[in-house]
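S.K.: Top line first, the protein sequences correspond to chains A and B.
Position 18, counted from 1, in the first sequence is what this note's numbering calls 18; the numbers after and before it change by one each time, with no gaps.
Position 205, counted from 1, in the second sequence is what this note's numbering calls 512; the numbers after and before it change by one each time, with no gaps.
Quick caveat, the hints were computed from the structure, so don't treat them as lab data.
Careful: at least some of the hints might be erroneous.
Partial list, computed: chain B residues near chain A (C-beta under 8 Å) [stated by the list, open to error]:
id, residue
1, Leu-316
2, Asp-317
3, Val-357
4, Pro-363
5, Arg-485
6, Gln-490
7, Arg-509
8, Ala-511
9, Val-531
10, Ala-533
11, Arg-538
12, Arg-542
13, Val-545
14, Ser-548
15, Phe-549
DEER-style ranges, computed between Cβ atoms [said to hold, decoys possible]:
id, chain 1, residue 1, chain 2, residue 2, range
16, A, Ser-165, B, Pro-475, 31 to 39 Å
17, B, Ala-394, A, Gly-38, 21 to 29 Å
18, A, Gln-137, B, Ser-395, 20 to 28 Å
19, A, Gln-137, B, Pro-475, 27 to 35 Å
From a predicted model like this one, the values you see are computed outputs, not experimental measurements.
Note that beta-carbon positions come from the ideal geometry of N, C-alpha and C, so glycine has one too.
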Amino acid sequence: MAEASALLFAYCETPVHAGTGRAVGTVDLPIQRERITGFPIAQASSVKGVLRATTQANGADAERHRALFGPDRPEEASTHAGALQVTDLQVVLFPVRSLAGVFAWTTSPAVLARLVRLAKLAGIEGPVDPTRFAGLQPGQCAVANGSALLTPAGQQVGVVLEEYSFTLAGELAGLVSALAEWLVALALPQTPEYAWWRENLAKHLCVLPDDEFRDFVLYATEIEAHVRLKDETKTVEPGALWTTETLPAETLLVGLLATTRSRYDKVNEDGRALLGWLTGKLDGRRVRLGGDETTGRGAVVLRVARV
Amino acid sequence: MTTLFLEPLDVWLFRDGRPFTAGQQFRAASRFPPSPLVVQGALRAYHLMVHSTVPPWDAAAVAGVVGGPDDWGPLRLVGPLVARRTASGEFEVLLPPPADAAFPGRQARRLPLPEQPPEWLRLPTPTPALFPLWHAGEPVSEKASQRLWLRLTDFAAYSRGEPVPGVPQEELWAEEVRIGIAQDSSRRTTREGLYYEARYVRPAPGVGLLVSFTGLDWPEPAGVLALGGERRSARFEVVTSFAPPPVPEPLPERFVLFFLTPAVFERGWLPRDWGAFFEGSVELVAAALDRYETVGGFDLARGRERPAHRAVPAGSVYYFVARGEARLRRTSDLPWPTVSDWGAEIGFGTVLIGGW
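Extracted from the complex, chain A is given alone in its bound form (with noise of 0.2 Å):
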């Protein structure tokens, strides 16, 4: 129901928990994640429930902050809708160790296509046509040319992430160049202190193919383990050992912010007009998002890209 929208980047720069609550797997408390690929996320509620606090104003600002979340007394809930639509945070960008370079920045063709189809819905171009990458073979990859990432496989050169080699596919070199340029221009953050990350994105980008990426996201995750002292003995209390699955440092998160005019009586404004005073109050703007903040999880910049 959009008059405008435009593409929300997430860039952690801690470890981000955003948690399920609870697990039947190995660990006791996992991230978010989408239910059929795999894929982490962070959920709308938690993404919308973060830029309401951190967009909250008085005065007029206020009336406006109303029109695009809605009212924040429950029940006034059912007065007037929102102006604002918030879609879960996909990711983009998922870092994984590597023998050189110490890291890279892997995708594959999936996450790509959904950037660009999300990109679209916001009017942006680009970055790459994802069809180009489907002809990744099983242990193929496409980096950039003058990676950091390469390193002497056997006879030729390839990378290897984690204890996995790929060889690589020397014709998507331009391509992985194209789209380290737009995710630069749109995704990073613009301020001087990232200006190593803007450098560097092109020599640490990796375009994996849809199952090994996979693979990186379900298993590559941070696992920490969690213990309770006693505070007398400072001894472990029993059964309190606990695990903790955390979305890694470096990852790029995206979704769409998509707006309407206002349905609020007091603010008469379109979805632009809306969405210009959103991204003003956005943009850059380092946030909170998840649980354990006090521990130093969830410490994400917000960029807005949008024409």
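Once you've looked at the hints, dock chain B against the given chain A.
M.R.: For chain B alone, kept in the frame of chain A given last:
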């Protein structure tokens, strides 16, 4: 006429009729596909907010554009139907599991309906007796636990009683359970008692809803609209290539109405009068239907729930015999006919005609 394909950007939530009240019930369940009421609401709301400049808080002006809360305005709609994009870019429509099917293996086969009432049914009763869907002596394979969806292209073969391959539901969508909390933003803590669990629908990649309508100008070839609970997003795309099967005129002597969406009838599973839907004389001889489903919804204009209706579920099949030449009354030029005492204008009782 416009036909849209709606696909999710992440998950959808279409609440069923069960209550979801803090302190009493912490689980919100979802149904799929949504009822036509949800889709008409989404289309009308989009049309109002994007194609008009009417203030949404001015009820009279809103009614002038999209109709009031109790009429449907100019909108006439059929569907929504579950469909998926094939590798060639075409759309494959999937029919809900038929209530008259057995599912041996991964196939669907219509139960054998006798053309004449069996001997033991010929009773001098004052009310016409319906045929059973099978009679003693006819071997019926045991029902598989999983009901299968049918491809529209297989429907003709299915109507002839041939076994056709079905599509299991898990290939089409999965349930995604999510935990939610309410946070007190001033204290950054969870609010006591406001923990909930919602079961969302996650359609498989390429799976979405197909809906055809008239009465609303729809200039955009693609875009995003809010559909169902939580203003979840649906990407829409205008479809020009899809053509449903033609409605046979006149109707064959022995025909079925296969309900693709729920239908609301005045007398439970029977309408006030079949004559309202047909020209000519037809006689109902058998029916296969599952238990009723409840169709409710939210009235945005009044800010409260709509009254709930009990509906004949999608997948129900009614068997008829036409006495002489009979035709289905068409009230719109939409590609699918609708048969329902309530809501036929917005897609309740969207039917497919088959033979038997």
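S.K.: Can you list which hints this structure breaks, lowest number first?
M.R.: 13, 14 and 15
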